Amino acid sequence: MTVKIERGQIVTVERGKRTARRLPGMGLLDGMAVVWKHWAGSFRKNQGFNDIHGVFTYEYPEERPKLPEAYRNMPILLYDDETSHELCTSCFQCERICPPQVIHMTQAKDPATGKPVPAVAEFVIEYDACMSCGFCAEVCPFDAIKMDHEFELSTADHQKLTVFKEQLNRPISYYERIAPTMWAEVRDGAMKKLQGNIKRRPDVIGMAPNLAEKIAARRRELEAAAAAATAPAAPAAAPAEGRKLTPEEKAAKLAAIKAANAAKKAGDTVEPPVAPAGAAPADEKAARLAAIRAKNAARKGEAPDAPPVVAGEPAGEAPPADEKAARLAAIRAKNAARKAAEGSDGAPVEANVAATEPAAAPPAAGAATSAAEAATAPADEKAARLAAIRAKNAARKAAGGGSDAAAPTTTGNVDSGGPGASDDAALS
Amino acid sequence: MNTGKLAFPMPLPAGVGTPSAPGGLEGQTSQEKPVRISVRRSRVDGCSTKDPAMFKTEELQINIGPQHPSTHGVFRMLVTVDGETIIDLKPVFGYLHRNHEQIAEQNTYLQNMPYTDRLDYFNSMANNQAYAMAVEKLAGIEVPERAEYIRVLMVELTRILNHAGALGFLINDMGMWQTQLAFGMREREKILDLFEMASGARMMCNYFRFGGVVRDLPPEFMPKLKELLVAMPAFVDELERLLRENEILMQRAEGIGILPKELALAYSVTGPVLRGSGVPYDIRKAEPYSVYDRFDFDVPVGSVGDVYDRFLVRIEEMRQSKRIIEQIVEQLPDARGGHINPRARQNVRPPVGDAYARIESPKGELGFYLVSDGSPRPYRYKVRAPSFINLTPLGDMCRGYKVADVVVILGSIDIVMGEVDR
Amino acid sequence: MPRLSPEELRERMARDLPGAVLEATPLRVAPPPAHGPQPAPFVTSDTVVAAGQIVEAALYLRDTLGYAFLSDIAVVDYLADGIFELVYRFYTIEGGDGLVLKVRVPRETPEVPSLTPYWPGANLHEREAFDLFGIVFTDHPYLRRIYMWDEFEGWPMRKDFPKQGDKYIGAEE
Chain A
1 MTVKIERGQI VTVERGKRTA RRLPGMGLLD GMAVVWKHWA GSFRKNQGFN DIHGVFTYEY
61 PEERPKLPEA YRNMPILLYD DETSHELCTS CFQCERICPP QVIHMTQAKD PATGKPVPAV
121 AEFVIEYDAC MSCGFCAEVC PFDAIKMDHE FELSTADHQK LTVFKEQLNR PISYYERIAP
181 TMWAEVRDGA MKKLQGNIKR RPDVIGMAPN LAEKIAARRR ELEAAAAAAT APAAPAAAPA
241 EGRKLTPEEK AAKLAAIKAA NAAKKAGDTV EPPVAPAGAA PADEKAARLA AIRAKNAARK
301 GEAPDAPPVV AGEPAGEAPP ADEKAARLAA IRAKNAARKA AEGSDGAPVE ANVAATEPAA
361 APPAAGAATS AAEAATAPAD EKAARLAAIR AKNAARKAAG GGSDAAAPTT TGNVDSGGPG
421 ASDDAALS
Chain B
429 MNTGKLAFPM PLPAGVGTPS APGGLEGQTS QEKPVRISVR RSRVDGCSTK DPAMFKTEEL
489 QINIGPQHPS THGVFRMLVT VDGETIIDLK PVFGYLHRNH EQIAEQNTYL QNMPYTDRLD
549 YFNSMANNQA YAMAVEKLAG IEVPERAEYI RVLMVELTRI LNHAGALGFL INDMGMWQTQ
609 LAFGMREREK ILDLFEMASG ARMMCNYFRF GGVVRDLPPE FMPKLKELLV AMPAFVDELE
669 RLLRENEILM QRAEGIGILP KELALAYSVT GPVLRGSGVP YDIRKAEPYS VYDRFDFDVP
729 VGSVGDVYDR FLVRIEEMRQ SKRIIEQIVE QLPDARGGHI NPRARQNVRP PVGDAYARIE
789 SPKGELGFYL VSDGSPRPYR YKVRAPSFIN LTPLGDMCRG YKVADVVVIL GSIDIVMGEV
849 DR
Chain C
851 MPRLSPEELR ERMARDLPGA VLEATPLRVA PPPAHGPQPA PFVTSDTVVA AGQIVEAALY
911 LRDTLGYAFL SDIAVVDYLA DGIFELVYRF YTIEGGDGLV LKVRVPRETP EVPSLTPYWP
971 GANLHEREAF DLFGIVFTDH PYLRRIYMWD EFEGWPMRKD FPKQGDKYIG AEE
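Protein chains in written order, with the working numbering: chain A, 1 to 428; chain B, 429 to 850; chain C, 851 to 1023.
The following block holds chain A by itself, in its conformation from the complex:
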């Protein structure tokens, strides 16, 4: 069968000699002529890609070729020269995509709250197994990891080929120098994202660790700012403004909420978010402010959220640790409340506290809670709502379980929440 092809011919190659040679061996000499030409040409330098003769040896290491921008050898991490913040946020994209799985990292955590922060704590790359594919640089959404041009990495020490963040860090100016066009394409987006990330990094987390002076300088800055700050640290007002909180404010808020929950669990009635004693000044202020607000709300509500809290707390089900914490929080709350309410009437507070009746029905609880909600700040609302829901559930459970629906039996020294109960009893 004959095969037909389009746009071309089927060409049978000619075998044998093209020109008739008079003597055998002339073909050899013809080839030698080619070699001769190359040899004669080897006394001058090669002119470029359009020249096939000439010497084009790079006398390495004295003479080095200029590597193209896209050249990729091993990955490096970038940090910003000015702010000295690393661009890496530990999003794990490079770790996921790496085919030989040589990238490992851990995310930085905020020491105060324990929440993850967009910065990287440790970063390890095993250079010996890296296949230089460049995927990590391709997928990085923050342009933090890029491919370096350095290829003279031979070492006799195998351990050295597992490189850590300190050795991987390079300033952006370095990358700009080796790959200007590629950096120019992504610079704006990367810097914008970096600014956003810097805002979310508390303290000096995320700064390149080798820049010790800069880190020290920044620390000093932050401390100065904290000391000088007085009223402005009113984080309780912050949420109402709708602006995002700084990590410190977030920490304060979280602490306040935790305390409130603990207090509620312990059967504490009116007490909304209260910061544990010994917190930063900002926290205490927040706590105090919140306590005042709660008191006001309580006064407005007048027999408000007392029932829900008391109506059958799942006291018996709370594990011992929680009980302890609840107790502590309750005591603190009480103290704080007393301090806060010093100026005004402590009586209503106590009366309300004393009026904690165990046998309030869940619907009443719900109503009371909503009444209380109307007056308090959103943070308190949330806490109160949460407490109310918990109370409802607890009441339902207690109704089913039937035990003492009394106030927090956590301390054990509680009489069933009679009106004459002391503060301690009611609160604990």
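Check the hints yourself; a few may be wrong.
Claimed, not checked - Here are the simulated PhoX-like cross-link-like pairs (lysine-lysine), alpha carbons at most 20 Å apart as the crow flies: (1) A/K66 - B/K652; (2) A/K199 - A/K160; (3) B/K652 - A/K45; (4) A/K4 - B/K652.
What the hints assert, rightly or not - Using C-beta positions, here's what the derived DEER-type ranges look like: (5) B/D621 - A/P61: 15 to 25 Å; (6) A/G114 - C/W999: 52 to 62 Å; (7) B/Y549 - A/W39: 28 to 38 Å; (8) A/R64 - B/Y549: 19 to 29 Å; (9) B/K654 - A/E176: 22 to 32 Å.
What the hints assert, rightly or not - With the C-beta cut set under 8 Å, the calculated list includes, among others, these residues of chain A facing chain B: (10) I5; (11) M131; (12) T162.
No lab work stands behind these hints, which were simulated from the structure alone.
Being a predicted model, the structure only gives us computed values, none of them experimental.
For every residue, glycine included, the Cβ atom is placed at its ideal position computed from N, Cα and C.
Got chain A sorted already, so can you dock chains B and C onto it with the hints?
Frame of chain A; chains B and C shown alone:
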């Protein structure tokens, strides 16, 4: 006894190495099957096989390889020789088996791309092309025109550099040391510089993505390519002139390792080996993929099917590749689209199904068979490696020749062990 | 010589080789996930041939239809369906798309007649299938392992081959 002048080509003495001797297919004894090899045996020195009683010779089984400078990688041939003449040859593979297919089942489709580079490590762009095509077929991703042109450009440059290197290694195997190899390597260096400019690495390019290529050609690429094209004809002519009419080469290559046309297809060989045997099957023309149907180029075929034919076919293919690249340079500025399909996701999750895509890689038909189960990882990933299949007739091509010819025949098949063993 | 599409091939083969063409039952491919959407079953559009008749079918392709070039024999291990599927790919040198024949054998007794006597090129394909999956090709002249060493036990590419640990290396780990 043969003394004096060698008549060329040599007639086959009767009785030597007939197919009914321990031969046939790898130990297969005679069967009444229509396929039979009648290969012309090499010249005899007149002594050994005809007269064993005189010299009390016996057959010896020796290894060529796996550590051998001329076996193109870790490749072992178990040869049974009688003196210097090969009675039987069995290739033994597996020394570079890296379990590529099973590793690929653990990686996502994108993570497999750098592993395909390392299959036929000499021509990484061709591997990328075949794999990208297979995944695109499976997932239904389209490739814009400009990206197709860039891909074809890269593969044709790969073809030139593969043939330059392969011929150099062949000539080296013949004993002419590395003259042609060095000249070929010098041009290869230029093309590798181009690859470095475009993709970032010389050999393990990892340049192709699903839906296109990873980044567009940098501005300094085209001027350099045009410079290269200026010198390309001179280069190929020089390579040809160096050794084409060289009497020693002709003696060592003509009539050696003949693969007859009728058998070539039955042996499933592809690429220059098939075309050297006279079968004009080139996938770029037979089943055009990518944008190959827009270019004019010829398909060189041989007539006899020996080492010399394959040598000539490869040189001619270099010229045709240069023709294609010139047409690309002309047509590329008018190509529409970007360098990658912007809607193509690299973390593909193809629908359940299978797909096979094959390309004309410089060594033959390189195909990827992918089966997807809907997850981001392939369920089955099979590579149809040309070098592996082209080794099928090795035993039969070598029977009756000398040990030195085995090396030459192996060099003319042009294998790379990364593909053979995967 | 006609260039056929898979449906046409199936029709012609069903007509000319009775009993060879089987129904292409849907395959589950992967085991169904515990929750979430179930992936669609895989229904192939290629011709499925009975294992005992593969040689006839292949010769039919070569002699009657002109598809003389056997390009590839691939094996897929469908663990969830309990079969091995062998995919034979044929092309004609006049060009164009190829034709595919698929053979399904049960995983416990995978035996298929070998194509090697007619297509010497199938030799290495079948040896690879034997080595990696354990499929026994009857009438193969030299069915030995090709990648692994001869004494190796186990079929590495099967889906139930353990990927961790190795009784040769690390068995004591």
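Check your understanding: So which hints don't hold here, by number, going up?
Key -> 2, 4 and 12
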